[in-house]
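Asker: Those sequence lines, one after another, are chains A and B. Going by the numbering used here, the first sequence opens with residue 59, and the numbers climb by one from there. Going by the numbering used here, the second sequence opens with residue 59, and the numbers climb by one from there.
It is worth saying that the hints were derived from the structure and are not from the lab. Some hints here could point you the wrong way.
Identical copies look the same in the list; a pair holds intra-copy or inter-copy alike.
As the list claims (entries may be wrong) - Computed cross-link-like contacts, DMTMM-like style, restricted to lysine to aspartate or glutamate with a CA-CA straight-line distance of at most 25 Å:
hint, residue 1, residue 2
1, K111, D87
2, K178, D145
3, K198, E61
4, K170, D196
There are 2 protein chains.
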Amino acid sequence: MTELRADARRNLERVLDAATEAFAASGPDASIDDIARLAGVGHGTVFRRFPTKDDLMFAVIERHVDEMCTLAREALAAADPGQAFFDFVWRLAELNMSTPGLHRCVVHCGDKPGAAELEKLADRVVSRAQRAGAVRRDVKAEDVRLLVRSALTNTPPGQWRRYLAVVLDGLRA
Amino acid sequence: MTELRADARRNLERVLDAATEAFAASGPDASIDDIARLAGVGHGTVFRRFPTKDDLMFAVIERHVDEMCTLAREALAAADPGQAFFDFVWRLAELNMSTPGLHRCVVHCGDKPGAAELEKLADRVVSRAQRAGAVRRDVKAEDVRLLVRSALTNTPPGQWRRYLAVVLDGLRA
DNA sequence: CCTGAAACGGACTGATGAGTCCGCTTACTT
DNA sequence: AAGTAAGCGGACTCATCAGTCCGTTTCAGG
Numbered sequence: 059m060t061e062l063r064a065d066a067r068r069n070l071e072r073v074l075d076a077a078t079e080a081f082a083a084s085g086p087d088a089s090i091d092d093i094a095r096l097a098g099v100g101h102g103t104v105f106r107r108f109p110t111k112d113d114l115m116f117a118v119i120e121r122h123v124d125e126m127c128t129l130a131r132e133a134l135a136a137a138d139p140g141q142a143f144f145d146f147v148w149r150l151a152e153l154n155m156s157t158p159g160l161h162r163c164v165v166h167c168g169d170k171p172g173a174a175e176l177e178k179l180a181d182r183v184v185s186r187a188q189r190a191g192a193v194r195r196d197v198k199a200e201d202v203r204l205l206v207r208s209a210l211t212n213t214p215p216g217q218w219r220r221y222l223a224v225v226l227d228g229l230r231a
Numbered sequence: 059m060t061e062l063r064a065d066a067r068r069n070l071e072r073v074l075d076a077a078t079e080a081f082a083a084s085g086p087d088a089s090i091d092d093i094a095r096l097a098g099v100g101h102g103t104v105f106r107r108f109p110t111k112d113d114l115m116f117a118v119i120e121r122h123v124d125e126m127c128t129l130a131r132e133a134l135a136a137a138d139p140g141q142a143f144f145d146f147v148w149r150l151a152e153l154n155m156s157t158p159g160l161h162r163c164v165v166h167c168g169d170k171p172g173a174a175e176l177e178k179l180a181d182r183v184v185s186r187a188q189r190a191g192a193v194r195r196d197v198k199a200e201d202v203r204l205l206v207r208s209a210l211t212n213t214p215p216g217q218w219r220r221y222l223a224v225v226l227d228g229l230r231a
């Protein structure tokens, strides 16, 4: 029942590879038709495995999201909450901005279960740093998330580090 | 030749009013059909006056852009370059965020002649503040523009003041 | 092999939205 | 009042894209 036929498994891999490439290049605007063409399959084949485009997108970024959750858990376990927060943000940014298109997909899928988990973890990292006095108290954890995101999104390629530095300086207590 | 017939003039006004309302509500995503319906005219009438949607959008924001240019010129004339910069940014933000939809239209039309003029003026305000030592030197004038924009765009309604405060704090020398 | 179920893929639908066209209407002019 | 050019508006084209359907192909087990 859960076993896929050999050709189905092969096509599934091709689709995921193609989708990763297309979403990395064009963000959530990549079309299913493009992805199917890139994978060398009909687009009906894509829809059989992933009932909606969002399902496919989430399958592509799931690995990314998991990785980010791990970073968040490490930050929560670290000794110095302030340092952990700043390190966490930089690592998160490096991971996301290595493929800006996928980052935009992560933003697009913000309400999916896995992504919601990540948000909860990230908010705890922020709160901990605030309690330790490393981050100003007049912003909410959610605000920090949005500020960092806005510094990374719609930013000229290769310039985001400078932008993030400014925002993080603005966030220090 | 340049005189419009009475009905044409009346419809032109209606279209501009409707477009302002629609763009303010939905940003650049407002459709010409919606605008025409709101104005009570056929959409052919809209296209006769404004060959493309962008032309219409720019006509709507032109007044805004002019007002912003005035603010920039005032800032350039002010005595204290640093204070002038921060006042300028806050006034610009208040003006834009009173109608977030129109702000998104301004961003969308960033390359139109009038908007380009505004960018040049704004960049001079920034450079002047940097030379006066009020703004950190490791960012370019364009970076400041983009950072401020990113703090205002895609931001929960009513929260943008906090976000802007953080970014401006991060920009101080 | 040979057969049936799984998988395939592309034609099709339906929605949306920009921009064109042209037969009809209406406002000015004389 | 009548002629005419300006103006009108909606039907039409064209393109895009998500998602459906079904006749055909291909895999895998007996």
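Asker: With reference to the structure, classify each hint as holding or not holding.
Answerer: Tested hints:
Both within a single protomer and between protomers do K111 and D87 lie at most 25 Å apart by alpha-carbon distance, with minima of 10 Å and 21 Å respectively. For a Cα distance limit of 25 Å, the shortest separation of K178 from D145 inside one copy, 18 Å, qualifies, whereas the shortest one across copies, 36 Å, does not. When the C-alpha separation of K198 and E61 is checked against a cutoff of 25 Å, the pair qualifies neither within a copy, at 47 Å, nor between copies, at 56 Å. In this assembly of identical chains, K170 and D196 lie within 25 Å of each other by CA distance neither inside one copy nor across copies; the values are 28 Å within and 38 Å between.
Going down the numbered hints, you'll see the structure goes against 3, 4, while the others check out.
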